[in-house]
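Use the sequences and the hints to build the structure in full.
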Amino acid sequence: MGKLDAKIPQGPLSEKWTNHKSNINLVSPANKRLIDVIVVGTGLAGASASATLAELGYNVKTFCFQDSPRRAHSIAAQGGINAAKNYQGDGDSTYRLFYDTIKGGDYRSREANVYRLAEVSANIIDQCVAQGVPFARDYGGLLDNRSFGGVLVSRTFYAKGQTGQQLLLGAYSAMNRQIGRGKIKMYNRHEMMDLVVVDGKARGIIARNLVTGKLERHGAHAVVIASGGYGNVFFLSTNAMGSNVSAAWKIHKRGAHFANPCFTQIHPTCIPVSGDHQSKLTLMSESLRNDGRIWVPKKLEDAKAIREGKLKPTELAEEDRDYYLERRYPAFGNLVPRDVASRAAKERCDAGFGVNKTGEAVYLDFAAAIERYGKEQAHVKGLDENDAATVKKLGQEVIRAKYGNLFQMYEKIVDQNPYETPMMIYPAVHYTMGGVWVDYNLMTSIPGCYAIGEANFSDHGANRLGASALMQGLADGYFVLPYTIGDYLSNDIRTGTIATDSPEFEAAEKAVADQLNAFVNTKGKNSVDYYHKKLGKIMWNKCGMSRNAKGLKEAIKEIKELREDFYKYVNVPGSTTEFNEQLAKAGRVADFLELGELFAKDALERTESCGGHFREESQTPEGEALRDDKKFTFVSAWEYQGEPAKAKLHKEDLKYEEIEVKTRSYK
Amino acid sequence: MALSGLFLVVFLTQHFVINMTSVISPATFNSFSHFMGNNAVVQFLLQPILIFGVVFHFVMGFVLELQNRKARNAKYTNYKGSANANWMSRNMILSGIVVLSFLGLHFYDFWVPEMNYKYVEVLPLDPDRYYEELIHKFESPVRVGIYALSFVFLALHLLHGFSSSFQSVGFNNKYSKGLQVFTKAFALLIPLGFVFIALYHHLNAF
Amino acid sequence: MKLTLKVWRQANATASGKMVTYPIDEVSPDMSFLEMMDVLNEQLIQKGEDPVAFDHDCREGICGMCSMFINGEAHGPDRLVTTCQLHMRKFKDGDTITIEPFRAKAFPVIKDLAVDRSAFDRIQQAGGFVSINTSGNTQDANAIPIDKHDADKAFDAATCIGCGACVATCKNASAMLFVSAKVSQYALLPQGKVEATDRVMNMVTQMDEEGFGNCTNTGACEVECPKGISLENIARMNREYLTASVKG
Chain F
1 MGKLDAKIPQ
11 GPLSEKWTNH
21 KSNINLVSPA
31 NKRLIDVIVV
41 GTGLAGASAS
51 ATLAELGYNV
61 KTFCFQDSPR
71 RAHSIAAQGG
81 INAAKNYQGD
91 GDSTYRLFYD
101 TIKGGDYRSR
111 EANVYRLAEV
121 SANIIDQCVA
131 QGVPFARDYG
141 GLLDNRSFGG
151 VLVSRTFYAK
161 GQTGQQLLLG
171 AYSAMNRQIG
181 RGKIKMYNRH
191 EMMDLVVVDG
201 KARGIIARNL
211 VTGKLERHGA
221 HAVVIASGGY
231 GNVFFLSTNA
241 MGSNVSAAWK
251 IHKRGAHFAN
261 PCFTQIHPTC
271 IPVSGDHQSK
281 LTLMSESLRN
291 DGRIWVPKKL
301 EDAKAIREGK
311 LKPTELAEED
321 RDYYLERRYP
331 AFGNLVPRDV
341 ASRAAKERCD
351 AGFGVNKTGE
361 AVYLDFAAAI
371 ERYGKEQAHV
381 KGLDENDAAT
391 VKKLGQEVIR
401 AKYGNLFQMY
411 EKIVDQNPYE
421 TPMMIYPAVH
431 YTMGGVWVDY
441 NLMTSIPGCY
451 AIGEANFSDH
461 GANRLGASAL
471 MQGLADGYFV
481 LPYTIGDYLS
491 NDIRTGTIAT
501 DSPEFEAAEK
511 AVADQLNAFV
521 NTKGKNSVDY
531 YHKKLGKIMW
541 NKCGMSRNAK
551 GLKEAIKEIK
561 ELREDFYKYV
571 NVPGSTTEFN
581 EQLAKAGRVA
591 DFLELGELFA
601 KDALERTESC
611 GGHFREESQT
621 PEGEALRDDK
631 KFTFVSAWEY
641 QGEPAKAKLH
651 KEDLKYEEIE
661 VKTRSYK
Chain H
1 MALSGLFLVV
11 FLTQHFVINM
21 TSVISPATFN
31 SFSHFMGNNA
41 VVQFLLQPIL
51 IFGVVFHFVM
61 GFVLELQNRK
71 ARNAKYTNYK
81 GSANANWMSR
91 NMILSGIVVL
101 SFLGLHFYDF
111 WVPEMNYKYV
121 EVLPLDPDRY
131 YEELIHKFES
141 PVRVGIYALS
151 FVFLALHLLH
161 GFSSSFQSVG
171 FNNKYSKGLQ
181 VFTKAFALLI
191 PLGFVFIALY
201 HHLNAF
Chain C
1 MKLTLKVWRQ
11 ANATASGKMV
21 TYPIDEVSPD
31 MSFLEMMDVL
41 NEQLIQKGED
51 PVAFDHDCRE
61 GICGMCSMFI
71 NGEAHGPDRL
81 VTTCQLHMRK
91 FKDGDTITIE
101 PFRAKAFPVI
111 KDLAVDRSAF
121 DRIQQAGGFV
131 SINTSGNTQD
141 ANAIPIDKHD
151 ADKAFDAATC
161 IGCGACVATC
171 KNASAMLFVS
181 AKVSQYALLP
191 QGKVEATDRV
201 MNMVTQMDEE
211 GFGNCTNTGA
221 CEVECPKGIS
231 LENIARMNRE
241 YLTASVKG
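Chains as they are written, first to last, in the working numbering: chain F, 1 to 667; chain H, 1 to 206; chain C, 1 to 248.
Hints listed in this document are in silico derivations from the structure and should not be mistaken for laboratory results. Be aware that a few hints might be false.
With a straight-line Cα cutoff of 25 angstroms, these simulated PhoX-like cross-link-like pairs (lysine-lysine) come out [to be verified]: (1) H:Lys118 x H:Lys137; (2) C:Lys193 x H:Lys174; (3) C:Lys148 x F:Lys160.
Below, the structure written as structure tokens:
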């Protein structure tokens, strides 16, 4: 592979996308009928791209491993979607959204891509409303907005706490229309097993029917990967159980560069792990930190007593509590950025102050807020402000109105009443900014192979702002890829149908079959989950919220050993020719075991701290992240060379023409 | 189902009103009965419509039941229907069959002799015979027992069916709560009224 | 906790299945139901037996993939939750728990507890959409104000997760709640009104073709629905359907 070329169009930033659209090659409607496109994944990016490509006239084949495209994990996104509509008249603009996103990403994303994202954001809202997405509205019947972390305007559109669900169902409905017309052929319960490259171009995939176990060859003129992020490399994350890196990893092994794998976002307010049997983590909206105070006991013996159930948190006197965020960050207190809050919680728990059975939880306490709101209400209503019972009751009502559904969800899972006793929270992995390297056209380093949505790396740099993931997925799928893919496909109008009996397809299918057979024939002693959990432990402890050279080196070694052990001793029951969840999982874990190593290698290489990547060696005397712009203003794009350890680093230098690179300060 | 059901509810109401007159005034009862039995519009237009309504309702009931059974070919080993729906709504076919059997008896008791009287043997008109016939029918305690039991099942059928009809024709709004109360009251009171009439005549016969 | 599980085991779509009993211990009340199933499967794998196949994905109650019929009820005894949100503390030590797949002719079993719900997809493909192409030039999102009351109702209908609990729990295996939720969402919004007639006719026709049963208004679906979708939607769809039938 040659030098990285991001193919960023010339001209002023604000005109790049318009000019680019006007100048790229198009495929005529008559010729689009002759062209097949494969889309892998049906989250916001995959579903919107499938629908739009089919509307344009391409023959689309879409694959998802779930039983229906509607189940992709975009469905679980809660908060909202950003768009520079300026409906609130508070001074929002394309530029401001662009600027916030670059700054939020700690100056590690590509300027031209982010500007384009901000530019098309408004179209997304128009499109979704036209599809019948029921966004929240005010009493005048117009769209409502809320404000989100890290920005000074209200630009977030939402549908209660289920924005992702509504947007995905919108894209799914657009897909359904095309499936009904026969323009999309939908393959549910199918997993992409490998990419087939013919003459240096992506020409199809090997897919496995998860119900029958049959391997299938699918040819196409272009392949779009929209398979989401790889947070599940940590085993425990807020991702869905099936979320995996395999599609992205397979194309990486076929020649697509993998960019910034170590950029992972860890969300500070999740419901903590309750025991070793825990399979997944649940997010509690960040908005809770507006009213909750975070603390752990000051004394180790109190923490121990709480863990053993001998002491209740409400019994602990005020002076025995350590409101560590307020102590360490007096200016921002409990509202420090996500990465800071997460790291601080881990630090306290590592020091032995954790408050649940596993010692990995801190308190998020609403007692002070309940009292404050209660007094306010008592005053308004002319009641006795000194009557504790009245104040508590009134205060709880206010909290219920603001966060009722979250409190109820918490109670269902933890079986504790958070109105009476403080909530327990702990950070958890929930988004990966890194991903497949793509150019301005969203094409990977394999011609004809594209990556969109969370699967690519392009827009969020080292840290993603809230409500931006939905925006990016839909921008890529509705408004970017369908245009840019034409530029490539315009050279393919005379190619004709891609034959699937070529030696390349043959070889790819055989390799897949061999691997699957090897899994079921190993008959080892450990289940797939055993390895996944072990990998997760290594990743969490050594590549988690804070990283250092020693830990990362150990991680690289341990993951490699674990991988070797996996291939020797994994136990995959059943056969390859049936519905076999363990077999499907084995393939995914095998890929995580490789990605994990590259992840650690990337984190080791980047000796600066930026965004979600915190290197203990690179911090200010106060413990803040310290960027090294001189050495690291680039994208690390890794080229596969036979195994993760040998991956070759390519650097795409990031040039900021419109924005002055500054220290990300929250003080 | 809903429309034929609602139609039958209307029929049931008028039937009840006429029967009730037998308790209040035998003469009124006789004159109503004579009118219903000899008016051409009632006999040759409304009666066939009613018969069609009844037949349609139970035939459709059986057809739907068969379709519904087919829609779940493999049964659950453990199915807790009572956890989320009441007995009436789950057993409309059972209460319906009881009511249908009763209709058979009822036809045998009243309608067949009536048809025989009027159209087969073509006996002379007698506007005052109805009350006597009625009293005569309610002499047997067994018949009254069956009659009462059937109306209990009719009540169960109506308790679900009447309000359900409104949902089926798309009526579900802020008035539905009030309507629910009305339909439940109707479903209990009307069958109870029929039972009362039967008992009244049965006890008065001695 | 110690429990006895009676689980439906069926090798594939054509095989005949049966209930198989598994004792299980070391179940923590804090586990979710699916985590308890993970423990069972881990034990089965260790013993060299075939683990129980079941559908699941997000495990936070929104994807709609999990689908177990537990102790005679869809998603088990708790209300307004999916199987993945059901916790073992809802059961008692020593309980026997029956676990079956969602059963309906239109939901054929794939293996064990996993069923094929693609009938739902086909119903949506028949008309569950607004025919609008992606262009970037649609009218501004605020061009048509929508009554907040209607917008909120449309949202409530749209929160359906398509899990199929309504079908599973209905004694008639009727899909009316699911279909009506989708029809309602569009019927309540101006964007959906243009195609309202065709939509409801096509979706209902497809629903019948899939072999779902008829609605007899038992209301069981509303009780078992993890998202609390209201029966009001079924009435609305009935109205839409009657109107559409009259229009032709």
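Within 25 angstroms, alpha carbon to alpha carbon, are lysine 193 (chain C) and lysine 174 (chain H)? holds (23 angstroms)
Is it true that the CA of lysine 148 (chain C) sits at most 25 angstroms from the CA of lysine 160 (chain F)? holds (13 angstroms)
Take a quick look at whether lysine 118 (chain H) and lysine 137 (chain H) sit within 25 angstroms of each other, Cα to Cα. Answer holds: lysine 118 (chain H) to lysine 137 (chain H) is near 19 angstroms, not above 25 angstroms.
Violation of the numbered hints given earlier is absent; every hint is satisfied by the structure.
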